[in-house]
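> Listed here are the chains, written in short residue letters.
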Amino acid sequence: MDHVISIKNLNKTFANGVMALKNVSLDVNSGEILALLGPNGAGKTTLISIACGLTYASSGQVFIAGYDIRKDYKAARRLVGLVPQEIALERYENVLDTVHFSRGLFGLPPDNALVEKTLRLLSLWDKRESSLRALSGGMKRRVLIAKALVHEPTIIFLDEPSAGVDVELRKEMWDVIKGLRDQGATVVLTTHYIEEAEELADRIAIIDKGAISLIEQKDQLIKQMGGKKIHIDLTEPCSSIPANLQKYDTHVTRDKKSLVYVCDTKYREKEIGLFLNDLHKTNLNIRDITTKEKTLEEIFMSIIEERKP
Amino acid sequence: MNLYSIRAIYIFEMSRTFRTLLQSVIAPIISTSLYFVVFGSAIGSRIQAIDNVDYGSFIVPGLIMLTVLVQSTSNAAFGIYFPKFIGTIYEPLTAPISYFEIVIGYVGAATTKSFSIGLIILLTSNLFVDVTIAHPVWMFLFLLMTCVSFSLFGFIIGVWAKNFEQLSLVTSLMITPLVFLGGSFYSISMLPEIWQKISLFNPIFYLVSGFRWSFYETADVAVHVSFIAVLAFSLLNLSLIGLIFKTGYKIKS
Ligand SMILES: Nc1ncnc2c1ncn2[C@@H]1O[C@H](COP(=O)(O)OP(=O)(O)OP(=O)(O)O)[C@@H](O)[C@H]1O
Ligand SMILES: [Mg+2]
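Heads up: the sequence lines are chains A and B, in that order.
Under the working numbering, think of the first position of the first sequence as 1, with each following residue one higher.
Under the working numbering, think of the first position of the second sequence as 310, with each following residue one higher.
It is worth saying that the hints were derived from the structure and are not from the lab.
Do not rely on the hints blindly, as some may be mistaken.
As the list claims (entries may be wrong) - Here are some chain A residues pointing at chain B (derived, C-beta under 7 angstroms):
#1 C52
#2 G53
#3 G66
#4 L82
#5 F106
#6 L121
#7 W125
Claimed, not checked - Output of the computed footprint for chain A on chain B, the stretches with three or more beta carbons under 8 angstroms from beta carbons of chain A:
#8 403 to 413
#9 555 to 562
By construction, the Cβ of each residue, glycine as well, lies at the ideal position given by its N, Cα and C atoms.
If we strip away everything but chain A, and leave its shape as in the complex, we get (with noise of 0.2 angstroms):
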């Protein structure tokens, strides 16, 4: 497999004492896009930090496209754009300013037609003449895309693109993302958004406490981890677990109104069968049966959970 970026054993202590890496390996596939997922404080930023140069790694090493990070700095960072997490802008700039400075910072010509072309794609064109400060969350964070993008980079790294946009433009945002990686890009992100993992990677890895817990496949770890929810919506209320039910991953909600049953996506093809015929021998009242998908969020949550002492 051809690994585009290389990360082995990378271990990070802040000079506070804080280890918010310990041991990390990491291999990132050519035109794949890596949703890097984790509660606040995993070593997210930290991670895309080091790889970025903003921050010195305490060992191990980090290869993209081959490049040493640190022996050949300028190879390396020519190949790669990053969108921060935090909004830092020169407020009294414009935008088309801003763009072109990110540009020239690269060592590249000016190319007044990249630059539109990139403004209009992040729907910025309109606000090309405008003052940054006077820009609001969401466009700042456009910006910062844009200017991440103006130099061609092949592997972006985006540290919560979506935080603050708003739904229309974030799924404008999606496409755009996925049509970096349809013209070869390699990306990774992270987000606290589930269904922006799920919409647009094709691997997660869940970091926490500093460590990776797990890579994979999303859907993969979809298929693995995730499961159906059914549930039942009584007529009567019921207060306990008909017996011939117990057998499976069956509860009853707070107010006792409805049967939940929860049937793991790796069983589910002889259980649910076997599940609907118990069902029917209990004589419950059903009103309504709705099912529903478990989402990306509650497998993190599991396998967080999972790996608590």
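We have chain A; now place chain B with the ligands onto it with these hints.
Below, chain B with the ligands without anything else, positioned relative to chain A:
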């Protein structure tokens, strides 16, 4: 050498200067004019000529130095402190440019600005007193070297500073006193012997002396000693900056 990168930083910094033209250019001109009114006319008329140079004219090089040193230090310090403060420093730090190129961009812009202000003050002085320049090439060279070396120094201060107070403290508690004690407004031969010795440890003393020589051919130390002192100060700052970037001191965590 990555010229587009350097140009990007340079243009960015210069446009920041133009946004604040009033405070960055007009203010020094006004304060210099005040010095001439007070020292040149009011007090200066009662002071005898030093080394056959009229007192009003004698202080011109010192005044230019005072402004240029304060401007170089504070511009360069602010130029790097501000991106650190608001977080935009992530961009140069993740761009494919060397530390040296970053420094050329920031220090180049600070130098340009203080050099221009130095020239403006030279012209302003000319309106108040007679200014003769015996060695124009040396004069420009000294001015330029001073701008470069103190912009480098300011860069270090900007990286080191934790807050805006520290930034301004360096100019008010360090640069200004050193300029005043460095013979800007007098010849150190007028001082008691012990203070003459102490002055030799003041780097600014060499600058002022050499710079004044290029105007009036009077100096407290030989001109080449002055020049070597400025050069040494620049190299010292340059190596400190190298160390800062190598260790990531206060710019990388
Ligand atoms: N400069 C720093 N100095 C000291 N500790 C730090 C520094 N930066 C981060 N940390 C600590 O390192 C740990 C990981 O932080 P990091 O920002 O990488 O988390 P994250 O996964 O990005 O969290 P979030 O989802 O909140 O953005 C945290 O405990 C944080 O407090
Ligand atoms: Mg983070």
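> When the hints from earlier in the document are held up against this structure, which numbers fail?
Hints 3, 6 and 7 not satisfied by this model.
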